[in-house]
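Asker: Sequence:
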Amino acid sequence: MVDAAINHTAVEVKAPEGRPSDYFGEKVFGRAAMRKYLDKRTYAALLDTMENRTPLTREVADSIAAGMRQWALEHGADHYTHWFQPLTGGTAEKHDAFAEP
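Residues -8 to 92 (the working numbering) are what the sequence shown spells out, left to right.
All the pointers check out, no bait thrown in.
Below are the DSSO-like pairs computed for lysine-lysine, each with C-alpha atoms no more than 30 Å apart in a straight line:
| no. | residue 1 | residue 2 |
| --- | --- | --- |
| 1 | Lys18 | Lys5 |
| 2 | Lys18 | Lys31 |
| 3 | Lys85 | Lys5 |
| 4 | Lys27 | Lys85 |
| 5 | Lys18 | Lys85 |
Estimated spans, in silico, between C-beta atoms of each pair:
| no. | residue 1 | residue 2 | range |
| --- | --- | --- | --- |
| 6 | Ala52 | His86 | 16 to 26 Å |
| 7 | Thr0 | Phe89 | 18 to 28 Å |
| 8 | Glu3 | Phe89 | 17 to 27 Å |
| 9 | Arg22 | Thr0 | 32 to 42 Å |
| 10 | Met41 | His(-1) | 40 to 50 Å |
| 11 | Ala(-4) | Arg22 | 37 to 47 Å |
| 12 | Asp(-6) | Met41 | 42 to 52 Å |
| 13 | Phe89 | Ala23 | 19 to 29 Å |
| 14 | Phe20 | Glu50 | 16 to 26 Å |
| 15 | Asp39 | Thr0 | 43 to 53 Å |
| 16 | Leu47 | Leu78 | 14 to 24 Å |
| 17 | Lys27 | Ala88 | 23 to 33 Å |
| 18 | Ala(-4) | Asp87 | 10 to 20 Å |
| 19 | Asp(-6) | Ala35 | 47 to 57 Å |
In case anyone wonders, no lab produced these hints; they're calculated from the structure.
No experiment lies behind these values; they were computed from the predicted model shown.
All C-beta atoms, glycine included, are put in the ideal place defined by N, C-alpha and C.
Produce the complete structure using the sequences and hints provided.
Answerer: Have a look at this one:
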C-alpha cells in the first residue's frame, strides 16, 4: 500500500471552460434534484423543514440521505465529506468513500 502511494501519479485537473457564472451551481442538490431524487412525501417534509423549521424525523432524514447518495453517485462522486461545527467552537470534517461490497 505504501508503494502504491509513493508511485501514484497526479491526476490532471482541467478548469471548466467559460465564465464561472455559466456553470456555477450545476452540481448542487437543489430543489430540482430534490424533486427528482426524493419521493413526494419526503420532498414535502424537507420543504416544510426548510421553510418552517419543522424537525425532520429519522425516517425522512434517511430517505433524504439515500436520495442525495444516488444523485451524487450519478454525478461521479466516489467520496464525500461531513462538515460540521462541534460544540468546541471550531470546525471539523469527516471524510468517507462510497464502497460497494
